[in-house]
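**Student:** Place chain B on chain A using the hints.
First to last, the sequence lines map onto chains A and B.
According to the numbering used here, the residues represented by the first sequence are 111 to 387, in order.
According to the numbering used here, the residues represented by the second sequence are 111 to 387, in order.
Since the hints were derived computationally from the structure, they do not count as laboratory data.
Some clues are possibly wrong.
Intra- or inter-copy, both count: the list cannot distinguish identical chains.
[What the hints assert, rightly or not] Each computed EDC-like pair below joins lysine to aspartate or glutamate, with the alpha-carbon atoms no more than 16 Å apart:
{"no.": "1", "residue 1": "Lys245", "residue 2": "Asp269"}
{"no.": "2", "residue 1": "Lys149", "residue 2": "Glu187"}
{"no.": "3", "residue 1": "Lys245", "residue 2": "Glu270"}
{"no.": "4", "residue 1": "Lys177", "residue 2": "Glu139"}
{"no.": "5", "residue 1": "Lys268", "residue 2": "Glu139"}
{"no.": "6", "residue 1": "Lys152", "residue 2": "Asp370"}
{"no.": "7", "residue 1": "Lys308", "residue 2": "Glu122"}
{"no.": "8", "residue 1": "Lys184", "residue 2": "Asp174"}
{"no.": "9", "residue 1": "Lys316", "residue 2": "Glu122"}
{"no.": "10", "residue 1": "Lys374", "residue 2": "Glu153"}
{"no.": "11", "residue 1": "Lys149", "residue 2": "Asp370"}
{"no.": "12", "residue 1": "Lys374", "residue 2": "Glu122"}
{"no.": "13", "residue 1": "Lys149", "residue 2": "Glu367"}
{"no.": "14", "residue 1": "Lys116", "residue 2": "Glu315"}
Protein chains: 2
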Amino acid sequence: MTSTGKWTDGVEGVLLDITGVLYESGPSEAIQGSLEAVKRLKEAGLPVRFCTNETTCTRQVLVDRLKGFGFDIKPEEVFPPIPAMCQVLKERNLRPHLLIHPNASADFSDVTTENPNCVVLGDAIHEFSYANLNKAFQILVSLNNPILFSLGKGRYYKDEGNLVLDVGSFCRALEYACDIEAEVVGKPSATFFNTAVKNMGLNAEKVVMVGDDIVSDVGGALASGMRGVLVRTGKYRSTDEDHPTVKPSAIVNNLSEAVDILIKSRKPNWDGLAELA
Amino acid sequence: MTSTGKWTDGVEGVLLDITGVLYESGPSEAIQGSLEAVKRLKEAGLPVRFCTNETTCTRQVLVDRLKGFGFDIKPEEVFPPIPAMCQVLKERNLRPHLLIHPNASADFSDVTTENPNCVVLGDAIHEFSYANLNKAFQILVSLNNPILFSLGKGRYYKDEGNLVLDVGSFCRALEYACDIEAEVVGKPSATFFNTAVKNMGLNAEKVVMVGDDIVSDVGGALASGMRGVLVRTGKYRSTDEDHPTVKPSAIVNNLSEAVDILIKSRKPNWDGLAELA
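Okay, chain A solo, but in the shape it has when bound:
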């Protein structure tokens, strides 16, 4: 544990990343202690929201998966990029060409995709084929004002024990090809984080984000005015601890340890309240 404990001062709400913090993907299993950790946060009266860049399934499937592990989580507590993306498309009257995972397409069912005037990239996994990347490129390059959205900008993540390329890396290929900059919907966008923060009725400085991605989770949280705690689970690599620009508020072994420290730090207040009573 690298922190001095001060990262807990004044924390009134918690944002949690899902994959790599609550459970490991492929082989899919809850991370030891994470089930109890979420329960303890809720029992301590701390509001919790789940801020994920998961785009390989619908929100409902994700919630069902978490419930399957035993997590007590409601759909409205989970903030994935696709609902936020659909809102942006609607507001700006945009018709996307979707390069996304087929399992997530149901969450775009209300969106018009004919005669596209922008491209949306999710974590398409095997759909990131040479043909599909070229198709997305050709649509962008045919537009007078090419608009590219990326659902997150992660570099890589861990799947079945291997690190694999994430949507951000494929986004870079299209950005370079078209000489444009993508708009990110998802972490580390401050706009995206703030939706979840506001949903708790809090300001960013009262919130801590716990994640396994040094850049998207921790860096994004810090840039958005929150605390950012890095866990040594999921995609974590030891080199993350020496990141040249992102200095986490704390580095902990796992979510359970972060919650231990946070709950303990709140104890004196309760004792104080008890004395006052």
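**Tutor:** Chain B in isolation, oriented as in the chain A frame:
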């Protein structure tokens, strides 16, 4: 013709891009006038070298293809990236993992690829699959000092009438994923251009490069101290004429027009010589 003609002053040698300047790829055919243009350059006593980022076939296949169109070209006049890459690998004792087009692999036959300590990207076309990109990424991320080479850094090119992603775009994906910068072997690397320039026994300021890629050909040539002429064939797009940073020495309709202007600009000297005789 945009130029004032001054780009021809003092030119003593010519570098030509191949695809998009000598011939159009898919459907593969010589560009009108290019056959005669090369012949006229040689007849005028101007040394000519062919500087290409072609990595989808061996140098011999490329030369045979050009001969098939009727071009009078010797293998030693053609400078593709792979021989230069093999030289670098040898000098630095590197063993590459190759993500290249299968048709080019013969030109790497002398290179040890077991237990790789670097990655080489060529224009792998359909081999740029999700699986192969991940494999290259996993090798890089496993190295203490990840080294990535890219044979050129083109954004896109024209194939069968469609613009398709070039090696530079896929390189960007891996650069971002690994947080590294690739070393470019091929255009627009000045080291690469200079090999061909020196082979003519000239200095860069006496040489003009003619190409259809505003960045790799024209921008690269200008940055290397040469003149850079853009042709309106191949991957050329009208927006290239307003490129924010690269200002070509001249823009011509095709190679034939460039050679017309160059040969005519030399006429007065010959007349002068004739008068002196």
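**Student:** Kindly indicate which numbered hints from before are broken by the structure, ordering the numbers from low to high.
**Tutor:** Violated hints: none; all satisfied.
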